[in-house]
Amino acid sequence: MTASRIALLLTAVTLAVPIPAVRADTGGPWMLSTDTGYGYTRDGKTMTYRMGTNNAKDLFKGAKKVPRETLFFMGANGQLYMRSGPFLEGDGHFRFGADQ
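The sequence shown begins at 1376 in this note's numbering and counts up one residue at a time.
In case anyone wonders, no lab produced these hints; they're calculated from the structure. Since we're looking at a predicted model, the values are computed, not measured. Note that CB positions come from ideal geometry on N, CA and C, so glycine has one too. A couple of the hints might just be wrong.
[To be verified] What follows is a list of derived Cβ distance ranges for each label pair:
{"id": "1", "residue 1": "Met1406", "residue 2": "Thr1428", "range": "18 to 24 Å"}
{"id": "2", "residue 1": "Phe1435", "residue 2": "Gly1465", "range": "34 to 40 Å"}
{"id": "3", "residue 1": "Leu1407", "residue 2": "Gly1437", "range": "19 to 25 Å"}
{"id": "4", "residue 1": "Asp1466", "residue 2": "Asp1433", "range": "39 to 45 Å"}
{"id": "5", "residue 1": "Glu1464", "residue 2": "Asp1410", "range": "32 to 38 Å"}
{"id": "6", "residue 1": "Glu1464", "residue 2": "Met1426", "range": "32 to 38 Å"}
All chains, please: the whole structure from these sequences, using the hints.
Below is the structure:
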C-alpha cells in the first residue's frame, strides 16, 4: 500500500473511529490527538497507531486535508463511507438523525 493511500485512509478513519470519551449521539467534538494515526485496514478493521515524527514527510506525501462539511459513517454492510456536503439542518440538528 502506498504512503498516499495510507495517509488518505488515516485521514478518513480519523473521523470514523469511535472515541469512548464522547458519546456518538451528542454531536460534540471528537478528541483527536496529533500523535495518533487512525487506520482502516484492507479487511475492514479500524485501528489506532502511535505515531512518531521521524518519517512525517512520507506521511504527508499524497495526503489531503479533509474538506469541511464531510461526514464519515459506516454502512449496514460494514463499509466505511464519506459524504461531502451539509449534514446539519439550519437549526443545527443532524439532518440524517433517527425518525421521531
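Under the constraints set out in the numbered hints, which ones does this structure not fulfil? When the structure is compared with the hints, none of them turns out to be violated.
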